[in-house]
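Visitor: So you can see what is in the structure, the chains are spelled out below.
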Amino acid sequence: MRPELEYVEDLLARARGGSLSDAEARALADTLAGSLEDRLLYQVGCALDAEPDLMPDDALRLERMVQIARRRVAPRASRLSRPKSVALAVAAGMLLGAGVVSAFQISMRWFSHRAEVVHAPHAPSALANGSTPNSEQPASAVAPSESAWAVDSAPILASASPIVGAAPVRASTARATEPESGEPAAPTPSVSAADLFARASGARVRGDETGAIALYRQLEALYPESTETATARQALGMLYLQRDRPELALHEFAAARATTASLARADSLWGEALALAKLGRNAEERSTLAALLAEYPTSAYAEAVRKRLTLLDSGAR
Amino acid sequence: MLRLVRSQEVERADALAEIARAAVAGDAVAVRTFILGIGPHLLRSVRRVLGSAHSDVDDVAQECTVAVMDALPTYRGQSTMLHFACRIAVLTAMKALRRERARKRPFLREHELELDSLASSAHHPESELSARATAAALRDLLDRLPLEQAEALALHCALGFSVAEIASACEAPAETVRSRLRLAKHALRARILGDPRLTELLEESS
Numbered sequence: 003m004r005p006e007l008e009y010v011e012d013l014l015a016r017a018r019g020g021s022l023s024d025a026e027a028r029a030l031a032d033t034l035a036g037s038l039e040d041r042l043l044y045q046v047g048c049a050l051d052a053e054p055d056l057m058p059d060d061a062l063r064l065e066r067m068v069q070i071a072r073r074r075v076a077p078r079a080s081r082l083s084r085p086k087s088v089a090l091a092v093a094a095g096m097l098l099g100a101g102v103v104s105a106f107q108i109s110m111r112w113f114s115h116r117a118e119v120v121h122a123p124h125a126p127s128a129l130a131n132g133s134t135p136n137s138e139q140p141a142s143a144v145a146p147s148e149s150a151w152a153v154d155s156a157p158i159l160a161s162a163s164p165i166v167g168a169a170p171v172r173a174s175t176a177r178a179t180e181p182e183s184g185e186p187a188a189p190t191p192s193v194s195a196a197d198l199f200a201r202a203s204g205a206r207v208r209g210d211e212t213g214a215i216a217l218y219r220q221l222e223a224l225y226p227e228s229t230e231t232a233t234a235r236q237a238l239g240m241l242y243l244q245r246d247r248p249e250l251a252l253h254e255f256a257a258a259r260a261t262t263a264s265l266a267r268a269d270s271l272w273g274e275a276l277a278l279a280k281l282g283r284n285a286e287e288r289s290t291l292a293a294l295l296a297e298y299p300t301s302a303y304a305e306a307v308r309k310r311l312t313l314l315d316s317g318a319r
Numbered sequence: 060m061l062r063l064v065r066s067q068e069v070e071r072a073d074a075l076a077e078i079a080r081a082a083v084a085g086d087a088v089a090v091r092t093f094i095l096g097i098g099p100h101l102l103r104s105v106r107r108v109l110g111s112a113h114s115d116v117d118d119v120a121q122e123c124t125v126a127v128m129d130a131l132p133t134y135r136g137q138s139t140m141l142h143f144a145c146r147i148a149v150l151t152a153m154k155a156l157r158r159e160r161a162r163k164r165p166f167l168r169e170h171e172l173e174l175d176s177l178a179s180s181a182h183h184p185e186s187e188l189s190a191r192a193t194a195a196a197l198r199d200l201l202d203r204l205p206l207e208q209a210e211a212l213a214l215h216c217a218l219g220f221s222v223a224e225i226a227s228a229c230e231a232p233a234e235t236v237r238s239r240l241r242l243a244k245h246a247l248r249a250r251i252l253g254d255p256r257l258t259e260l261l262e263e264s265s
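Protein chains in written order, with the numbering used here: chain E, 3 to 319; chain R, 60 to 265.
Read the hints as simulated data drawn from the structure, not as lab findings.
Everything numeric in this text was worked out from a predicted model, so none of it was measured.
There is no bait here: all hints are sound.
Simulated restraints on C-beta separations: (1) R:253 x E:212: 49 to 57 Å; (2) R:162 x E:21: 40 to 48 Å; (3) E:285 x R:125: 45 to 53 Å; (4) E:300 x R:258: 29 to 37 Å; (5) E:32 x R:154: 34 to 42 Å.
A few chain E residues facing chain R, derived, Cβ under 7 Å: (6) 15; (7) 43; (8) 47; (9) 55; (10) 67.
Don't be surprised by glycine CBs; every beta carbon is placed ideally from N, CA and C.
All chains, full assembly: derive it from the sequences and hints.
Guide: The structure is reproduced here in structure tokens:
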């Protein structure tokens, strides 16, 4: 036994890793023969090792985990240091005080103005129309709520996607972005790729497939080069497959494969094969499956690929 | 056979710790790199504790992500970053397992296998049945053992940690870890020998 293998559990762990020397292998055999508990512990470990570690859609799971981690870190990173917080609190207190004083002054002026109106019955009364003393401003400058809400949601609701019934989108942060001129906002993406992806994934998890498709397509259109888009294409392909639209699914999987690598590429190849099977294009399906098996012989798809290839060889469709 | 922590991964550990520091500081790219680095290990840890077919794997993996990100500022280099994250994942998954058992919600029992799946997925159905039953027995034990023993057992059995690795991850003396493992082994033996069907399966497969 090597010096670092001080405990029998270390020997068992190393044996499961498959890195035993001859002497250690002999020691392991002796240990397993001599101790039922160690034998059971070893068997349990081997049983767990035999379970699959990689599953289809892991790339999507990882992407969701990235989104969660980013959201978790963002507030912490933006947290202010204590001295800054104290200074901010003082400033906020002063502003609040000033606000109270101003409100008092405004209300005093309002009462005096109202008194003048009451004493001059023929003067045109703005108050009679239900407007405030400042209502001489053009109506467009008083932030028409409908257009204000439309600004933030524009990149989402004004989707280039032909899919109808886009997912409802929260626009609570939109009001401040209303341009003062009242001109329509330029269609610049005010929602990040990560945010769009998170919303799309949320819709998908909720079972709102139509909304998810619209959002994924929105993401594709606005951020074609983003890393989220590569994953979105994969998800979109699966959604199209579920909706029995294999031709659209095939397009998305092919696009995903062109932009992704490693594990996600295996997912895309598998998706392409499923779409080709639905389209009855068996020769192409076979070559796609063969490519998947050649590139990823130990992937989670390998067994299913072999079965499908056997079926195709036997002439079944 | 796959062991979680290989030597080259230990070498990556320092790099992960550096990336984690940048992630804690709010670097979005570092967050992504960090999660893509440890994410597969978190998923694997959760699957090993809950079972890969468990319906809550996704939810628990997300809980683990939150727990790891929250714990990063407390990381003091007592173990590798990978072990640190995996320990959090194991504890989170065990907590979920215990929560579920406490609710007595029906869930997939992995040793109740469909004959079809055995026939198609394994060259030796007896071995596979025995392996799944053994894994189910371990998960049952993880729910019943005192937390420290369950943690040591899970880190060793599920993730292949050595005694020293468990000790550094748990910040406990090696002898304490060894003692916990010894007690857990006694419990495992009692659990398996107390189930004639399981004993029979193990005898048949060995």
